[in-house]
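Engineer: With the hints as your guide, set chain B onto chain A.
Take a look at the letters that make up each chain.
Protein chains: 2
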Amino acid sequence: MTDVEQTDLSDTKASPDAPTIYVCITCRRAGEPEADPRPGAILAEGTAKAAEGTGVVVRQVQCLANCTRGPSAAVRCNGSWTYIFGGLDAACGPALVEGARLLAHAADGIMPWRGRPEPLKRGLVARVPPIDFEEDPE
Amino acid sequence: MTDVEQTDLSDTKASPDAPTIYVCITCRRAGEPEADPRPGAILAEGTAKAAEGTGVVVRQVQCLANCTRGPSAAVRCNGSWTYIFGGLDAACGPALVEGARLLAHAADGIMPWRGRPEPLKRGLVARVPPIDFEEDPE
Numbered sequence: 005m006t007d008v009e010q011t012d013l014s015d016t017k018a019s020p021d022a023p024t025i026y027v028c029i030t031c032r033r034a035g036e037p038e039a040d041p042r043p044g045a046i047l048a049e050g051t052a053k054a055a056e057g058t059g060v061v062v063r064q065v066q067c068l069a070n071c072t073r074g075p076s077a078a079v080r081c082n083g084s085w086t087y088i089f090g091g092l093d094a095a096c097g098p099a100l101v102e103g104a105r106l107l108a109h110a111a112d113g114i115m116p117w118r119g120r121p122e123p124l125k126r127g128l129v130a131r132v133p134p135i136d137f138e139e140d141p142e
Numbered sequence: 005m006t007d008v009e010q011t012d013l014s015d016t017k018a019s020p021d022a023p024t025i026y027v028c029i030t031c032r033r034a035g036e037p038e039a040d041p042r043p044g045a046i047l048a049e050g051t052a053k054a055a056e057g058t059g060v061v062v063r064q065v066q067c068l069a070n071c072t073r074g075p076s077a078a079v080r081c082n083g084s085w086t087y088i089f090g091g092l093d094a095a096c097g098p099a100l101v102e103g104a105r106l107l108a109h110a111a112d113g114i115m116p117w118r119g120r121p122e123p124l125k126r127g128l129v130a131r132v133p134p135i136d137f138e139e140d141p142e
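Chains A and B, in that order, are what the protein sequence lines are.
Its first residue numbered 5, the first sequence is counted upward by one per residue in this note's numbering.
Its first residue numbered 5, the second sequence is counted upward by one per residue in this note's numbering.
One chain only, chain A, in its complex shape (with noise of 0.2 Å):
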């Protein structure tokens, strides 16, 4: 991340167009003991701490459904694909920020794959299209 590119977000910070990761906190690694905070509110944390000057939103929920390959997030920008990711871990912050700030700069939309964050290769779940989209290849 350089200075620049953290300049070119924070007009978007708090509108409907800011990036945002929806972090869950209920979220523990299946088959591991049950813990105080959870692995997800730890994730949550530490986001919220890797967005901050970003113009990242950060949101905690209470659960992205998601539950047996936690901890869990989700990322999108208005207009964009969302992204859901699994099997993260509490220091995945930072790449979850990066991922945002890259959706939030593709003009398609689309979260490129080229110097995206290894923990949003692995732990690609699914993504959804943006509300208007259409591609009826007929």
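Hints may contain errors.
When chains are identical, the list treats them as one kind, so a pair holds in a single copy or across two.
Lysine to any residue pairs mimicking SDA-like chemistry, simulated, CA-CA at most 20 Å apart [stated by the list, open to error]: (1) K125 <-> C71; (2) K125 <-> T72; (3) K53 <-> E139; (4) K125 <-> R73; (5) K53 <-> A34; (6) K125 <-> Q66.
Simulated from the structure, these hints should not be mistaken for lab results.
Quantities reported herein were computed from a predicted structural model and do not represent experimental measurements.
Structural biologist: Below, chain B without anything else, positioned relative to chain A:
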């Protein structure tokens, strides 16, 4: 489904509020040999047929990135949560349409568990909140 319920949704067709199903037409079941048409494409056709006259919009997409658990589809209305399902089969079109109708009638934007078709229970991959969602419990 009753005729009364069908009437409830008919005005929303093609509006931004229309319940919409995105079906991945590239999907095939993991480990199964190549087939033409692909299982996802067959599912998309069956879903479109099941949606006729219901007000539910069906869109084909090239990839929902849920490739290890296809066939896949996503369901949402404007303002609702978005649901991603995997492990579907060619016969799941009516289940997807019923799920979209349940979501369209849900005042809280959450697809009810009760009454949800079985393929949309066991096949739930993830869900993502609406764009303006806020849930900060602190």
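Engineer: Please go over all the hints and tell whether each is borne out by the structure.
Structural biologist: Hints, verified against the model:
{"no.": "1", "hint": "K125 <-> C71", "in the structure": "both (19 Å within a copy, 13 Å between copies)"}
{"no.": "2", "hint": "K125 <-> T72", "in the structure": "both (18 Å within a copy, 14 Å between copies)"}
{"no.": "3", "hint": "K53 <-> E139", "in the structure": "between (37 Å within a copy, 18 Å between copies)"}
{"no.": "4", "hint": "K125 <-> R73", "in the structure": "both (14 Å within a copy, 16 Å between copies)"}
{"no.": "5", "hint": "K53 <-> A34", "in the structure": "neither (25 Å within a copy, 38 Å between copies)"}
{"no.": "6", "hint": "K125 <-> Q66", "in the structure": "between (24 Å within a copy, 19 Å between copies)"}
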